[in-house]
Structures are given as structure tokens and as C-alpha cells.
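Assemble the whole structure, with the sequences as input and the hints as a guide.
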Amino acid sequence: MTEQALLQLRNVSAQQGSNTLLSNINLSLSRGQIMTVIGPNGAGKSTLLRVALGLRNCDQGEVQRRPHLRVGYMPQKLSLNPLIPISVSRFLRMANNRRTSIKDALQRAGISHLADRPLHDISGGETQRVLLSRALLAQPELLVLDEPAQGVDITGQTALYELIGKLRDDLDCAVLMVSHDLHWVMAQTDTVICLNQHICCHGHPETVSNDPEYLSLFGRRHAEAIALYQHDHDHQHDMHGEVIQPSDHCDHSGHHHD
Amino acid sequence: MIDILLYAGIAGLILAAICGPLGVLVTWQRMAYYGDTLAHSALLGVALGLSLQIDIQLAVLLACLLIASSLFALQLWRNTSLDSLLGILSHSSLALGLVCLSFIDGPGFDLNAFLFGDLLAVMRDDLYLLAAIGGAALVLLVIFWGDLLSMIAHAELAAVEGVKVQRLRLLLMLLIAATVAVAMKIVGVLLISAMLIIPASAAGRLARSPEQSALLAALVGMVAVLIGLGAAWHFDSPAGPSIVLTAGLIFIISHFAPGARRVSNQ
Numbered sequence: 001m002t003e004q005a006l007l008q009l010r011n012v013s014a015q016q017g018s019n020t021l022l023s024n025i026n027l028s029l030s031r032g033q034i035m036t037v038i039g040p041n042g043a044g045k046s047t048l049l050r051v052a053l054g055l056r057n058c059d060q061g062e063v064q065r066r067p068h069l070r071v072g073y074m075p076q077k078l079s080l081n082p083l084i085p086i087s088v089s090r091f092l093r094m095a096n097n098r099r100t101s102i103k104d105a106l107q108r109a110g111i112s113h114l115a116d117r118p119l120h121d122i123s124g125g126e127t128q129r130v131l132l133s134r135a136l137l138a139q140p141e142l143l144v145l146d147e148p149a150q151g152v153d154i155t156g157q158t159a160l161y162e163l164i165g166k167l168r169d170d171l172d173c174a175v176l177m178v179s180h181d182l183h184w185v186m187a188q189t190d191t192v193i194c195l196n197q198h199i200c201c202h203g204h205p206e207t208v209s210n211d212p213e214y215l216s217l218f219g220r221r222h223a224e225a226i227a228l229y230q231h232d233h234d235h236q237h238d239m240h241g242e243v244i245q246p247s248d249h250c251d252h253s254g255h256h257h258d
Numbered sequence: 001m002i003d004i005l006l007y008a009g010i011a012g013l014i015l016a017a018i019c020g021p022l023g024v025l026v027t028w029q030r031m032a033y034y035g036d037t038l039a040h041s042a043l044l045g046v047a048l049g050l051s052l053q054i055d056i057q058l059a060v061l062l063a064c065l066l067i068a069s070s071l072f073a074l075q076l077w078r079n080t081s082l083d084s085l086l087g088i089l090s091h092s093s094l095a096l097g098l099v100c101l102s103f104i105d106g107p108g109f110d111l112n113a114f115l116f117g118d119l120l121a122v123m124r125d126d127l128y129l130l131a132a133i134g135g136a137a138l139v140l141l142v143i144f145w146g147d148l149l150s151m152i153a154h155a156e157l158a159a160v161e162g163v164k165v166q167r168l169r170l171l172l173m174l175l176i177a178a179t180v181a182v183a184m185k186i187v188g189v190l191l192i193s194a195m196l197i198i199p200a201s202a203a204g205r206l207a208r209s210p211e212q213s214a215l216l217a218a219l220v221g222m223v224a225v226l227i228g229l230g231a232a233w234h235f236d237s238p239a240g241p242s243i244v245l246t247a248g249l250i251f252i253i254s255h256f257a258p259g260a261r262r263v264s265n266q
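For the protein sequence lines, the chains are A and B, in the order given.
For the first sequence, the numbering used here begins at 1 and goes up steadily by one.
For the second sequence, the numbering used here begins at 1 and goes up steadily by one.
Derived by calculation from the structure, the hints in this document are not laboratory data.
Beta carbons are placed, not taken as given, at the ideal position from N, Cα and C, and that holds for glycine.
Not one of these hints is a red herring.
Here are some of the chain A residues that sit facing chain B, going by a computed Cβ distance under 7 angstroms:
no.	residue
1	L53
2	Y73
3	N81
4	I84
5	P85
6	I86
7	R90
8	A95
Sample of chain A residues with no beta-carbon within 10 angstroms of chain B, all distances over it, derived:
no.	residue
9	N19
10	N26
11	N41
12	V63
13	S101
14	S112
15	Q150
16	A159
17	L163
18	G165
19	D170
Anything over 10 angstroms on all C-beta distances counts as not near chain A; from chain B, calculated:
no.	residue
20	Q53
21	S69
22	A73
23	L138
Structure follows, in C-alpha cells:
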């Protein structure tokens with residue numbers, strides 16, 4: 001018996017004016033699964049998350065969330081106006097879909113000691129954990145994380161990713177995240193989606209890491225090259241990321257350009 | 001005599017009570033300019049009220065609500081920031097209001113009263129309207145306080161958690177519009193956003209939580225109203241500017257208060 005998918009995107013496309021942000025995206029996420037979206041800057045990673053969350057409508061296709069799905073969202077960054085005097089626990093009390101106590105959420109994120117601290121006085125890594133604990137308040141069945149380790153130092157990053165893996169096990173939730181950290185992606189993720197407006201390739205990390213498109217995306221130059229990479233695989237993109245005909249003969253399972 | 005002072009005092013206190021919590025939200029959301037725009041377009045409401053011979057306070061309220069709603073619709077439709085649009089609207093509507101009003105010369109018509117307020121001319125009937133609008137605004141603020149705060153902290157996070165963000169945005173704009181309509185009579189169109197910004201900023205230096213900020217800001221506004229009104233009476237200075245000046249002084253003093261919070265800008 002197959003379990004019903006928590007989240008499913010079918011042939012989803014999104015445009016902003018004449019720019020294509022997402023083109024023909026198909027994905028399906030089920031309980032306990034960690035899915036990581038990688039791709040260069042401007043590839044539409046955040047747009048994909050926003051469409052999945054229902055924060056943005058897609059222009060074509062269909063987004064299906066299981067009815068009454070509990071979602072925890074961790075935005076890329078908290079850009080709180082420094083004028084707002086607010087403590088960590090007051091910030092968490094803002095969440096009006098709480099199903100678990102603030103104490104419990106702070107504990108799971110490993111920051112119980114920060115409860116009464118002003119939100120402006122804590123470090124970048126601690127702020128990310130505060131955002132994570134706010135996402136946990138909903139007792140999420142689906143955790144959506146947009147570059148959770150942004151602004152966190154190297155040691156903190158490892159700890160944070162380990163925590164996310166542990167949360168998946170403890171809560172038995174699905175995780176959909178954007179990440180630049182390929183080490184973690186390769187070690188912990190069940191499915192990788194390589195995005196550049198369309199899904200260039202996807203699958204288990206091992207499969208993906210041997211895919212020519214993945215190599216051209218991240219290859220030997222690795223993570224720091226992400227922003228610089230040139231696209232030179234078996235099809236070409238114009239300035240807007242549209243696939244140019246007729247050199248299009250991609251044959252990765254699960255997606256087609258048309 | 002004592003009636004005039006009493007009515008003026010009550011009107012001022014009502015205004016300070018709304019401006020406290022609303023002002024902190026406006027400063028946190030960086031909407032000060034928006035308040036200015038609505039305040040300036042209130043003059044158009046005055047012109048409308050005078051030419052249609054309806055109650056001016058009501059005409060101003062309607063004009064402000066109308067402009068707030070159309071700005072909201074425009075923002076949804078264009079999906080862009082209103083910043084430059086506000087800059088244009090703010091001053092064009094002030095100019096248009098002044099031009100329109102110059103063609104109307106009724107008996108006892110005093111432009112200064114609209115520009116700088118005419119607190120000492122507040123009558124018993126005005127008070128009922130002020131209290132009704134102010135009371136409604138306060139009730140809405142209390143009910144939606146948590147959601148408004150969550151939206152201002154992080155709109156997308158709030159939306160994922162089930163807050164109806166667009167409706168709240170509209171609510172916040174309409175509340176500011178209502179406040180502008182109330183404040184016009186008291187401090188005048190040119191000084192309305194001062195009542196939103198100055199007490200809130202003074203409170204922000206001392207408060208430790210959002211709720212403390214709102215209460216402190218209301219308190220600062222009330223003290224400013226009482227002292228400013230007293231000064232106006234004593235020195236025969238214009239009431240509205242005296243109140244704003246007092247609020248400004250309190251803001252400066254708040255910097256030297258023990259335990260004032262240092263706010264680093266990013």
C-alpha cells in the first residue's frame with residue numbers, strides 16, 4: 001500500500017512578467033523523506049518553495065498538499081526591524097498555529113537557554129535556530145527550510161544539519177529544503193533536485209552525482225562555483241533560462257522539456 | 001471656559017490612546033510616509049465636505065478611507081512598493097487640497113485650523129464622533145494585535161501560519177486613515193504623523209516588549225497632550241504644535257533615561 005504523498009507538484013510553471021521562474025516542475029514528497037533543492041543563484045529555488053507553501057500561485061500546473069497538512073516554514077532570513085523590542089519567547093508566541101509548547105520547541109532546537117534573551121542580541125546561528133523552533137511549533141508533518149544554514153559558521157552548519165536529520169527521525173516528518181551545502185546533501189538527503197528553472201536532474205544523491213548535468217552544475221569546482229557556473233550540458237538556455245530548441249534531447253527519467 | 005479645555009483634553013487623550021499602539025506598528029512597518037500621504041489628502045476631504053456641505057469630519061474620514069483602499073488596491077495590482085507613488089501623491093494631494101480650498105471662502109473659514117488643528121474649537125458633538133472612531137480603532141487593534149505584530153515581523157511566515165496577511169494590511173491602512181481623520185481636528189494635517197511617530201519612538205527607547213512599547217507610547221502621547229494643552233492655554237500658543245513640541249521634548253529626554261535601549265541600525 002503506498003502512502004499518500006504529503007506534497008505533490010504536477011507540471012508546475014511560474015512566470016514573472018516575461019521571465020520564466022519555474023518550468024514544468026514535477027515532484028512528490030512523502031512522510032519521512034528529505035528532499036533537497038540545489039541550483040545556481042536565480043534558479044528559482046525560493047520560488048519553488050513559495051509555490052509549494054502556497055505563498056505564490058503557479059501560472060500553470062497543479063500543487064497538491066494533503067488536506068490539513070501541518071507545515072513548518074523556516075524562511076531564509078529574519079530581517080526584523082531593529083526597533084522592535086522582542087524576546088525570543090515572545091517571537092515564538094507570535095505563531096498562532098502552535099500545537100506544542102514553546103519550551104518544547106526551544107528544547108528540540110537546542111536553545112532553551114535563549115528563551116528570555118532579546119532577539120536582537122543573539123548570533124546568526126542562534127537566530128536560525130530560533131526560526132527553526134518557530135517552525136517546530138506547528139508539530140509539522142512537512143518542514144520547509146530555505147537555506148537554513150545561511151549566516152552560520154562551519155561548525156554551526158554541521159550541527160544544524162545534524163539537528164535537521166534528527167528532527168526528521170524524531171518527528172517522522174518530511175523535509176523540503178534549499179541548501180548550498182553539497183556535503184550534507186550527499187550524505188543525508190533522500191532525493192536531490194537539481195534546479196535551473198526546470199528540473200535538470202533528480203534522484204538519489206549517488207545517481208545525481210554521476211549525472212552529467214549535475215557535474216556541469218557543481219562538478220569539480222564544487223560549491224563555491226555555484227554562482228559562477230556556465231551551463232553547457234546537452235541543451236542550451238537563453239538569457240531567461242528557457243530551453244532553446246532544437247538541441248533539446250534530454251532523456252532523464254521524470255521530466256521533459258517541451 | 002472650562003468646557004473648552006475639558007473637551008480639548010478628552011479629544012487629545014483619545015487621539016493619544018490610538019496613536020500609541022498604531023504608531024509603534026507604523027514605525028516598525030516603516031509606514032511613516034504613508035501616514036503623511038493620508039494626512040495631506042485629508043485636505044481634499046475638507047474641500048469635499050465644504051463644497052457638498054456635509055459634516056467635515058465625516059467627509060475627511062470618507063476621503064481617507066477611500067484613498068487608503070485605493071492605495072491598497074493599487075499595491076495589490078502593481079505588486080510593487082508604493083514608496084515613490086506615495087511621494088508624488090502626498091504632495092500633489094496637499095497642493096490640490098490647498099488649491100481647492102482657496103476657491104471656497106465660507107464665513108468663518110480658517111485654513112490654519114485645518115493645517116495646524118483647532119483643538120480648542122472641539123465641541124461636545126465632535127467628541128462623540130471622536131470617541132466612536134477611536135473606540136472602534138482601539139478594539140480592532142486589541143483584537144488583531146498579535147496577528148498584526150506577526151505580519152510586521154515576517155509576513156510570509158505569518159501567512160504560512162494561517163494569518164490572512166492581505167486583509168491585515170488593509171486593516172492597518174484603514175486604521176491609519178481613521179486616525180488621520182480623528183487627528184486632523186486636533187493637530188492639523190501637517191502634524192498628524194508626528195503624533196504617530198514621536199511617542200512611538202520615545203517609547204521604543206524604554207520598552208522591553210512590543211506590548212510595553214504600545215502602552216508606553218500611548219502614555220507618552222497623553223502626557224504630551226496634557227502638558228502641551230496646558231502650555232497652549234498659559235502662553236496662548238497654538239494647541240496642536242504645542243502638543244507635538246512637548247512630544248518632541250519627551251523624545252529627547254527619553255534618550256537620557258536610565259536603562260534606555262540602544263538600537264543598532266542593522
